[in-house]
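Novice: Protein chains in written order, with our numbering: chain A, 1 to 312; chain B, 313 to 576; chain C, 577 to 1069.
Hints in this document: simulated from the structure, not taken from any laboratory. Warning: the hint list may mix true and false statements.
[Said to hold, decoys possible] Under the rule of at most 30 Å between Cα atoms (straight-line distance), these lysine-lysine pairs were calculated in the DSSO-like manner: (1) A:Lys257 with C:Lys916; (2) A:Lys297 with C:Lys916; (3) C:Lys902 with C:Lys675; (4) C:Lys1014 with B:Lys568; (5) A:Lys71 with A:Lys257; (6) C:Lys998 with C:Lys1014; (7) C:Lys843 with A:Lys43; (8) C:Lys902 with C:Lys843; (9) A:Lys217 with A:Lys257; (10) A:Lys244 with C:Lys902; (11) B:Lys391 with C:Lys675; (12) A:Lys297 with A:Lys71; (13) C:Lys902 with C:Lys1014; (14) A:Lys299 with A:Lys43; (15) B:Lys319 with B:Lys352; (16) C:Lys675 with C:Lys736; (17) C:Lys916 with A:Lys43; (18) A:Lys299 with A:Lys257; (19) A:Lys244 with A:Lys217; (20) C:Lys842 with C:Lys675; (21) C:Lys1048 with C:Lys843; (22) C:Lys902 with A:Lys43; (23) C:Lys916 with A:Lys299.
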Amino acid sequence: MAQAPALPGGFELPLEPRLPRIGSIDQVAVEERAAALSRRSIKRESKLFALDLAVRMMDLTTLEGADTPGKVAALCSKAMRPDPSDLTVPPVAAVCIYPNHVPVALERVQGSGVRVASVATAFPSGQSPLEIKVEEAARVAEMGADEIDMVIDRGAFLAGDYARVYDEVRRVKEACGEAHLKVILETGELGTYDNVRRASLLAIAGGADFIKTSTGKIQPAATLPVTLVMLEAIRDVYEETGRKIGMKPAGGIRHAKQAVQYLVLLHETLGVEWMTPDLFRFGASSLLNDCLLQIRKEKTGRYQSPDYFTID
Amino acid sequence: MTRLPVKKTYKLYVGGAFPRSESGRTYEVDGANVALASRKDLRDAVRAARGASSTWAGMTAYNRGQVLYRVAEMMEGRKAEFAELTGDEAEVDEAVDRWVWYAGWADKLAQVLGSSNPVAGPYFNFTVPEPTGVVGIVAPEEPPLLGLVSRLAPAVVGGNVAVVIASEHRPLAAVTLAEVLATSDVPGGVVNLLTGRKRELASVLAGHMDVNALDLAGAEDEDGELERLAADNVKRIVRNGDGQSPWHAAAFLELKTVWHPIGV
Amino acid sequence: MTEIEKRQDRSPVPSAFDYAPAPESRDIVALEDRYGLFIGGEWVEPKSGEYQPTISPATEETLAEVAYGGSEDVGLAVESAREAFDNGWSDIAPSERAKYLYRIARILQERSREFAVLESLDGGKPIRESRDVDLPLSAAHFFYYAGWADKLEYAFPNRKPQPLGVAGQIIPWNFPLLMLSWKIAPALAAGNTVVLKPAESTPLSALLFCDVVHQAELPPGVVNIVTGDGRAGAELVQHAGVDKVAFTGSTEVGKEIQRTVAGTDKKLTLELGGKAANIIFDDAPLDQAVEGIINGIYFNQGHVCCAGSRLFVQESVYDEVIAKLKRRMGTLRVGDPLDKNTDVGAINSREQLERIQELVASGAEEGAEIYQPPCRLPEKGWWFPPTVFTNVAQSYRIAQEEIFGPVLSVLTFRTPDEAVEKANNTPYGLSAGVWTEKGSRILSLAQRLRAGVIWANTYNRFDPASPFGGYKESGFGREGGLHGLAPYLEFDE
């Protein structure tokens, strides 16, 4: 059990009262609000705008044990030029890969504006000694990755060791140097929306530049209600401190229609200022081609076939 | 020259699909070959039922009522076929009407069977009925459709899932009812229907440790053997009479009572 | 450390994310130029000879001309209902009665989009609400009560329930089809026949409902619709051939009706106005509570008898709640009711708009502070932006009188006892809301609040299985649930 350290007068307040109001989340209401927002009807120009933005916000991802330099190189090509037959389609925001492939990726995307994000800290489980996780992050930063996606220690969190979770984020942030830090909460393991909010605030307090829903390795991954909870936490932090933190839903977003729903959620929760890849990303792979299909459908008026879009 | 009709194959209904018996056996009824279910088929049926139980119980009562009403719509559409199989048009009409009657109970059972209880203390106390789970039903031999409907509808309206052993000698109406269920938005596994040797199948059903309740309307159990087998996991033995009543549905429901203090 | 090109993060931020218009097509609705009265299963011309236009409040266009029934017309309708009751409806097997109601439910589901568009056109509410709330609930009401028609002895064991005869029913303009369903479904399920008078400004969905009655092959005279204004309503209430009166509308008219039936044998139920307290405690899940506040007062433009129009915020969270509330109000989209993205539609009539404006002016005069998010309102039609008053005292008119518009009054409290006392301090008693994480507190407040419907950690939830109705001047009798059958029956014991 945590002890409250004694001060010359009184005692040090534990972590909780020092964060913005943690409070609680009503599950039924938050799910209903997310569902209502998902029913917004986004058509024509606003749809094209949203689809274009979704592409620009994408972290095109491959995180497989079987990844090779060849696979990563192909991913990078796709990232830089998603639709060779329509050059008005912008490049994505970043590629997201395992640490060993950072050099290949950096070389491939050089000069294109596409960033290289790498996972670290014993992704996806996080169940390794802290020193090793911090060292991994430092090495990845050293290799030149622009962004680092870490995982929180869910074991520590669920055991109630919040101070440890906070400390780990802090230390990894230090090790990141110039690189941006995204903190993956793995919301599918946290059990309740209350916990998602708590973990969001802990991660931000520890120095996260972005909070991210999932590793994509378990179900459920990103959902609209979980995203809403995280966006509301970000909003409260902004109100409290003036700092803008980014958000990344990852995993399970396969269809352009879903991406548009997430953007509506973002728009109506945080406003138009957050609608930039600097503050919102999609962690996805097959989503890209579905967006391309929908973009072409909007432009030509005809339903498309996947045959006309390269896989990588 | 008269046209040769395409004859129907009468199969089992398990998990929303129509498989043959894993034993490959059939028996003949009215010139048709009907699947002869084995104990393994029954095992599969119970597993399918269990798998569907959280879905069915998790739907709102209103939703369940809608699905069951749809079943009646589909039954009505097949009246001629049912009348031919049962040989009794009035029985079919009664069966459809009884099904509609039970469908209307889905979102009303809680108000008639449940309560808020005035306990002597600052507590809010309420009782709600809940489905018991997997119900095994041995359908009566006669009447072939109404008999089955009278046993099945009260079991499922409250959120239970069912494994039914159909009438052995007149199973065709039962299999046709299964076809109706399959086309009525009833989730697969909520109702499973097996045809075959009643004596063989009933004892497996009665002894199955993952079945929660047993309706023995169609079983002859003079020596109480089936009830003895059922006791091994304390199955609820249901003896509903004829006719229709919400208390027939209540027989398959548990009652849960909840306490919570009242205070600031 | 290797050299990295520092790509500066400065992606352009869009100036706005405007949603393109997303109109629901009007083509699905086929409007007649002129509607008669629906009596004895037929369309008939009004003996009164009077027709009036019905207007779309969003555009002020005339949608159609509608008959205004006079006393002779009302008399004919009541006779037709009596005839149908005596010669068939009360005798047919209850399970057959049930089937008619099931048919009506199904037809409403099948024609749901058509009805939703018509409802939004005639009344001004957003298509999203008519599509997602009014229509599903209307169909569900018929579905639910259909199931009771042949089960009355289980609802009232040992009491030998019998229908009353002819029910005269008068409904308001805020949920036209839904209120029709709340009235007709239980009445018919219990074996009565009805004469229903829709609200003056929203007759069209009731008139289209007559088509449903035809399609369902309901025996003629079981349902009769007499459109018109308050005069037709008064005729109906006082007609000797009516056994039961059901009214939903303003408290003022409700009292009139109660005076009219005094001394007669007529059974009466009233569902009147409200000034509900929506109480937020400091441990409430705040973002969801704010959603609940918004839903409580801006849903259906605040034209809701149970609207959470008095917000009581615990002082310790006041600043945070108000800040979140104002921000959330800014994302409400006011505009064309037929646009699928519209959150707040048109005010139902010029009269209602004037009433709202008058009360809002009084709020500013009496010293309350007003906030309205910037809204671009259309030129034609009747509109009012979502409004919140802070610094409100209990004695202000905006805290006492029912505004029936998108106007919220905010007051504060310190303790649960104070909240209960202030919430109950009103002649109304229809509904209340409680927001707190603590279960025992929910139950304690539910026990002490004098209101017929209490929503905890939610608001404006309706279900055919859930009884709805008020305490005190909000009326008496319940609609919905098993209890909603009782007003339409008489009992031997």
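Novice: Each of the hints needs a verdict: does it hold here or not?
Specialist: Verification of the supplied hints:
Between Lys257 of chain A and Lys916 of chain C, the direct Cα distance comes to roughly 16 Å. Compliance with the 30 Å bound is thereby established for this hinted pair. This hinted pair checks out: Lys297 of chain A and Lys916 of chain C have alpha carbons roughly 22 Å apart, not beyond 30 Å. Between the alpha carbons of Lys902 of chain C and Lys675 of chain C the distance comes to roughly 49 Å, so the proposed pair goes past 30 Å and is violated. With a C-alpha separation of about 22 Å, the suggested pair Lys1014 of chain C and Lys568 of chain B falls inside the 30 Å cut-off, and the hint holds.
A C-alpha spacing of about 27 Å is found between Lys71 of chain A and Lys257 of chain A, which places the hinted pair at or below 30 Å, so the restraint holds. A threshold of 30 Å between alpha carbons decides the hint, and for Lys998 of chain C with Lys1014 of chain C the separation of about 20 Å falls inside it, so the pair holds. A C-alpha spacing of about 52 Å is found between Lys843 of chain C and Lys43 of chain A, which places the hinted pair above 30 Å, so the restraint is violated. Between Lys902 of chain C and Lys843 of chain C, the direct Cα distance comes to roughly 46 Å. Violation of the 30 Å bound is thereby established for this hinted pair.
Proposed proximity of Lys217 of chain A and Lys257 of chain A is supported: the alpha carbons are some 22 Å apart, at most 30 Å. In summary, the hint linking Lys244 of chain A to Lys902 of chain C is supported, as the alpha carbons are separated by about 20 Å, within the 30 Å threshold. This hinted pair checks out: Lys391 of chain B and Lys675 of chain C have alpha carbons roughly 17 Å apart, not beyond 30 Å. At roughly 29 Å between alpha-carbon atoms, Lys297 of chain A and Lys71 of chain A fall within 30 Å of each other, so this suggested pair holds.
About 26 Å separates the Cα atoms of Lys902 of chain C and Lys1014 of chain C, which keeps this hinted pair within 30 Å; it holds. Proposed proximity of Lys299 of chain A and Lys43 of chain A is supported: the alpha carbons are some 12 Å apart, at most 30 Å. For the hint linking Lys319 of chain B to Lys352 of chain B, the alpha-carbon distance of about 27 Å falls within 30 Å, and the restraint holds. Distance check on the hinted pair: Lys675 of chain C and Lys736 of chain C sit about 22 Å apart at the alpha-carbon level, within 30 Å; holds.
Restraint check for Lys916 of chain C and Lys43 of chain A: the C-alpha separation of about 11 Å stays at or below 30 Å, so the hint holds. Between the alpha carbons of Lys299 of chain A and Lys257 of chain A the distance comes to roughly 16 Å, so the proposed pair stays at or under 30 Å and holds. Under the criterion of a C-alpha separation no larger than 30 Å, the hint pairing Lys244 of chain A with Lys217 of chain A is consistent with the structure, at around 28 Å. About 29 Å separates the Cα atoms of Lys842 of chain C and Lys675 of chain C, which keeps this hinted pair within 30 Å; it holds.
Proximity of Lys1048 of chain C to Lys843 of chain C is assessed by CA-CA distance (about 18 Å); at most 30 Å being required, the pair is judged to hold. The suggested pairing of Lys902 of chain C with Lys43 of chain A holds, with an alpha-carbon distance near 28 Å, which does not exceed 30 Å. Proximity of Lys916 of chain C to Lys299 of chain A is assessed by CA-CA distance (about 23 Å); at most 30 Å being required, the pair is judged to hold.
Hints 3, 7 and 8 from the list above are not met by this structure, while the remaining hints are.
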